[in-house]
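Protein chains in written order, with our numbering: chain A, 1 to 197; chain B, 1 to 269.
One should not assume that every hint holds.
Here are the simulated DSS-like pairs of lysine-lysine, each with C-alpha atoms no more than 25 Å apart in a straight line [said to hold, decoys possible]:
#1 K195(B) / K41(A)
#2 K76(B) / K144(B)
#3 K144(B) / K131(A)
#4 K145(B) / K76(B)
#5 K145(B) / K28(B)
#6 K145(B) / K33(B)
#7 K73(A) / K31(B)
#8 K76(B) / K33(B)
#9 K195(B) / K28(B)
#10 K131(A) / K186(B)
#11 K265(B) / K73(A)
#12 K76(B) / K41(A)
#13 K195(B) / K131(A)
#14 K28(B) / K76(B)
#15 K31(B) / K145(B)
#16 K144(B) / K33(B)
#17 K144(B) / K186(B)
#18 K145(B) / K41(A)
#19 K41(A) / K52(A)
#20 K186(B) / K41(A)
#21 K257(B) / K144(B)
#22 K76(B) / K31(B)
#23 K131(A) / K145(B)
#24 K52(A) / K186(B)
Please keep in mind that the hints were generated in silico from the structure rather than gathered at the bench.
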Amino acid sequence: MIKYLFVFLLLTQLIPTGWANTGAAESVYVNLGTHTEYFNKVQTDSSGDTRKFEIAPTVGAGIVINFPYDRFKFLPELNWVLPHDGLNNNVIKNLFMLRADIGYDPLDWLRFRLGSSIMHLNQHGRGGTTKINNGNGTSTFFNPDENRSSINTTFDLGAEILFEDWALRLQTYTYSLFAHDQRQLSYTIFISYYWDQ
Amino acid sequence: MKLLLFVLTLSSYSYAFTLNNNFGGSFKSNKVKVQVAGNSSCSAQTGVTIYELQSLVEHAIADYWENIPTTNLRLKNDGFTDTITNMYSGRLCAPTDSTCISTAPSGTLIPPVNNIVISCNNDPVNFNGANVFAVSIPNNFSGKKITGSVILINDSSTVFSTLNREDKIAVLAHEIGHAIGLGHSKDDAALMYYKQVDMRRNLGQDDIDGVSYLYPKLADACGLFGATINDVTKIPPTLAQMGISFFMMLILAKLFKQIRRNLRKTSLS
Chain A
1 MIKYLFVFLL LTQLIPTGWA NTGAAESVYV NLGTHTEYFN KVQTDSSGDT
51 RKFEIAPTVG AGIVINFPYD RFKFLPELNW VLPHDGLNNN VIKNLFMLRA
101 DIGYDPLDWL RFRLGSSIMH LNQHGRGGTT KINNGNGTST FFNPDENRSS
151 INTTFDLGAE ILFEDWALRL QTYTYSLFAH DQRQLSYTIF ISYYWDQ
Chain B
1 MKLLLFVLTL SSYSYAFTLN NNFGGSFKSN KVKVQVAGNS SCSAQTGVTI
51 YELQSLVEHA IADYWENIPT TNLRLKNDGF TDTITNMYSG RLCAPTDSTC
101 ISTAPSGTLI PPVNNIVISC NNDPVNFNGA NVFAVSIPNN FSGKKITGSV
151 ILINDSSTVF STLNREDKIA VLAHEIGHAI GLGHSKDDAA LMYYKQVDMR
201 RNLGQDDIDG VSYLYPKLAD ACGLFGATIN DVTKIPPTLA QMGISFFMML
251 ILAKLFKQIR RNLRKTSLS
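Make a model of the complete structure from these sequences and hints.
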């Protein structure tokens, strides 16, 4: 039963495209934020600390589409966690989030979001080699040289505080909701700017 | 643009994962068995028996490599194998390392294996120093595809026995990382950092990125439940996936049209 509920949630990403074509779009918005991947599960230093917050610039845009029901919205959006060159400049990593929420506005200034994302993680290797310590000497290790992607679907919850044209949002993404060993929680803090129709 | 560049400089990313130093390859299948050589043994020097080694392997898989949602890799602790010879006292060479092969005493070479096989080993030449905990080499591969890797625990010195249980698990997890195709990282937060650190309990970002690169995951529409498609580079998208992509593109087209219209409105007003 629960599985069907989430398949339904996924389908809601597709169905309201028709509504958008009927001119029911209320506003469009752009996002600027910072994305933290795998909350508290990634080691960040040699003393065993784990990552709670990360500055990973994220940009995006979305549409607010009116539902036939008052206070409910349909909110498709696309976000992009910007790439950043690494220690060796040998891999470029992009994370694209194609996502959609059903929004509920219990108050004029508050919006809850329930939805799902298709997370497209792309890594592009530049090839070459890197010399790194290995045991008591050094060795030459290969750098990635191909373009590869992982695609995941996530279960998302969010809360948004609305101020006139601006909004502040905490958006969470749960990977592998029903596979507990792989379940991970990521989140983004967004500032959004809305243009009303 | 200046703001964007400023924000980029604030980023805390570090990408430095590398691939194995023999060749940049990975296992052909995403399902890899991990076995302990049951016909081998471990002396008191290592501080473990082969049964304890098997328990450590189980934790190394469960505590580290099973927790990544963006990879298709599935390691299976597959108990013991009794068929591999020379595991305790033999010489471990990569098939492409002619110097290693030619200098190995006759009849001592560890034969090519299937999957990942772990054993204690008392040949000091394999470890390049008494302070090296363990080594791992894919010793059975073709092109960029690994068929089998060997992990040897240093039984020529007491160095492995100086570790506590958690660190032994971390060392085994590190060697499994090599066995599946990862190289070292320059980031000391990564499990694949070249030396032991004060406290190791989780993977670092480099490890996650590395294994996601080697064994990427392509979830279907029900990916919430962990459904996967093997070897994403070789299987064409299903009709359902193409349908989803088509509808998503429709949404995107609408989105960009709206943004363009609004930007035009803003510039006119």
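Checked hints:
Proposed proximity of K195(B) and K41(A) is supported: the alpha carbons are some 21 Å apart, at most 25 Å. For the suggested pair K76(B) and K144(B), the alpha carbons sit about 22 Å apart, so the restraint of at most 25 Å is met. Annotation: proposed proximity of K144(B) to K131(A) holds, straight-line Cα distance about 20 Å (limit 25 Å). Taking the CA atoms of K145(B) and K76(B), the gap is near 19 Å; set against the 25 Å cutoff, the hint holds.
A threshold of 25 Å between alpha carbons decides the hint, and for K145(B) with K28(B) the separation of about 5 Å falls inside it, so the pair holds. Restraint check for K145(B) and K33(B): satisfied, since their Cα atoms lie roughly 15 Å apart, inside the 25 Å limit. With a C-alpha separation of about 42 Å, the suggested pair K73(A) and K31(B) falls outside the 25 Å cut-off, and the hint is violated. Taking the CA atoms of K76(B) and K33(B), the gap is about 5 Å. The hint holds against a cut of 25 Å.
For the suggested pair K195(B) and K28(B), the alpha carbons sit about 28 Å apart, so the restraint of at most 25 Å is broken. Proximity of K131(A) to K186(B) is assessed by CA-CA distance (about 10 Å); at most 25 Å being required, the pair is judged to hold. The suggested pairing of K265(B) with K73(A) holds, with an alpha-carbon distance near 23 Å, which does not exceed 25 Å. Proposed proximity of K76(B) and K41(A) is supported: the alpha carbons are some 22 Å apart, at most 25 Å.
With a CA separation close to 15 Å, the supplied pair K195(B) and K131(A) stays within the 25 Å bound. In summary, the hint linking K28(B) to K76(B) is supported, as the alpha carbons are separated by about 15 Å, within the 25 Å threshold. The hinted pair formed by K31(B) and K145(B) meets the criterion: a straight-line CA distance of about 13 Å does not exceed 25 Å. For the given pair, K144(B) sits about 19 Å from K33(B) by alpha-carbon distance, which is consistent with the 25 Å threshold.
Distance check on the hinted pair: K144(B) and K186(B) sit about 23 Å apart at the alpha-carbon level, within 25 Å; holds. A C-alpha spacing of about 30 Å is found between K145(B) and K41(A), which places the hinted pair above 25 Å, so the restraint is violated. Using a Cα cut-off of 25 Å, the hinted pair K41(A) and K52(A) holds, with the two alpha carbons roughly 8 Å apart. Pair hint K186(B) plus K41(A) holds up; C-alpha atoms about 20 Å apart against a cutoff of 25 Å.
Restraint check for K257(B) and K144(B): the C-alpha separation of about 44 Å exceeds 25 Å, so the hint is violated. Among the hinted pairs, K76(B) with K31(B) is consistent with the structure: their alpha-carbon atoms are about 7 Å apart, no more than 25 Å. As the CA atoms of K131(A) and K145(B) are separated by approximately 23 Å, the hinted pair is consistent with the 25 Å bound. Distance check on the hinted pair: K52(A) and K186(B) sit about 22 Å apart at the alpha-carbon level, within 25 Å; holds.
Of the numbered hints listed earlier, those contradicted by the structure are 7, 9, 18 and 21.
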